[in-house]
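J.: Chains A and B supply the protein sequences, listed in that same order. To convert, note that position 40 of the first sequence is 40 in this note's numbering; the numbers rise steadily by one, no gaps. Basically this note's numbering = 1-based index in the second sequence + 1000.
Because the hints were derived from the structure by calculation, they are not lab data. Zero decoy hints are in this set.
With the C-beta cut set under 7 Å, the calculated list includes, among others, these residues of chain B facing chain A:
| hint | residue |
| --- | --- |
| 1 | G1042 |
| 2 | A1056 |
| 3 | E1110 |
| 4 | F1113 |
| 5 | P1115 |
| 6 | G1116 |
Straight-line Cα separation of at most 27 Å, DSSO-like style, residue types lysine-lysine; simulated pairs:
| hint | chain 1 | residue 1 | chain 2 | residue 2 |
| --- | --- | --- | --- | --- |
| 7 | A | K70 | A | K59 |
| 8 | A | K70 | A | K57 |
| 9 | A | K99 | B | K1009 |
| 10 | A | K57 | A | K99 |
| 11 | A | K99 | B | K1057 |
| 12 | A | K70 | A | K99 |
| 13 | A | K70 | A | K56 |
| 14 | B | K1057 | B | K1009 |
| 15 | B | K1057 | A | K70 |
Per label pair, the in silico range of CB-to-CB distance:
| hint | chain 1 | residue 1 | chain 2 | residue 2 | range |
| --- | --- | --- | --- | --- | --- |
| 16 | A | H75 | B | T1015 | 42 to 50 Å |
| 17 | B | P1070 | A | S26 | 38 to 46 Å |
| 18 | A | Q80 | B | K1057 | 37 to 45 Å |
Quantities reported herein were computed from a predicted structural model and do not represent experimental measurements. All residues carry an ideal CB built from backbone N, CA and C; glycine is no exception.
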Amino acid sequence: TQLLEQSPQFLSIQEGENLTVYCNSSSVFSSLQWYRQEPGEGPVLLVTVVTGGEVKKLKRLTFQFGDARKDSSLHITAAQPGDTGLYLCAGPANFGNEKLTFGTGTRLTIIP
Amino acid sequence: DSGVTQTPKHLITATGQRVTLRCSPRSGDLSVYWYQQSLDQGLQFLIQYYNGEERAKGNILERFSAQQFPDLHSELNLSSLELGDSALYFCASSIRQDLTPGLAGGRTYEQYFGPGTRLTVT
Chain A
1 TQLLEQSPQF LSIQEGENLT VYCNSSSVFS SLQWYRQEPG EGPVLLVTVV
51 TGGEVKKLKR LTFQFGDARK DSSLHITAAQ PGDTGLYLCA GPANFGNEKL
101 TFGTGTRLTI IP
Chain B
1001 DSGVTQTPKH LITATGQRVT LRCSPRSGDL SVYWYQQSLD QGLQFLIQYY
1051 NGEERAKGNI LERFSAQQFP DLHSELNLSS LELGDSALYF CASSIRQDLT
1101 PGLAGGRTYE QYFGPGTRLT VT
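Turn these sequences into a full structure, and let the hints steer you where they fit.
T.: What follows is the structure, encoded as structure tokens:
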């Protein structure tokens, strides 16, 4: 079973600061996805990274896939209260498998 | 709006009862996934259906069952409910997306989640 560990588990920072959260595994993933979930709502897909070393930007969010495709990071610049939520990474359980393995999540709180 | 709908939004019932949760996937999506999320817990995969057939099973209890109908909507049945079954239940749908040719074994299965059903067992 491929496991995805996310760190930190909890992060609380002031508005305007920068932050990075991590998603790590000992296994290789063909792709990784990042989701954001707000309280009481379903996760919302933010991005999919596919190629080792790939960097994708979504406004103030920068996603990177590790060269070996075992890890990924999410960097947020100038965090805003609207960034508050649970950030989940996920990847196919096995190559070619539709079932996703979800990470443990990082619960981010941005303090105004 | 993800295009995935779930009903009901909230459900309160007593221990020992049976409930049915309903999910309609995005138009064109053939796969439906069910997840359970308890307080302060991650998403626990329960079961997947693809075009009416069971495709993968996760940590689903024997008291729970699901099915996907010809119109592709899915139902999750929870019976003999216990207090510990109180949780958010999400369904998600996806359509297989092939990656750029040449990337061996590479496909993405991006999932789109519904708003969830909050089940409270008293």
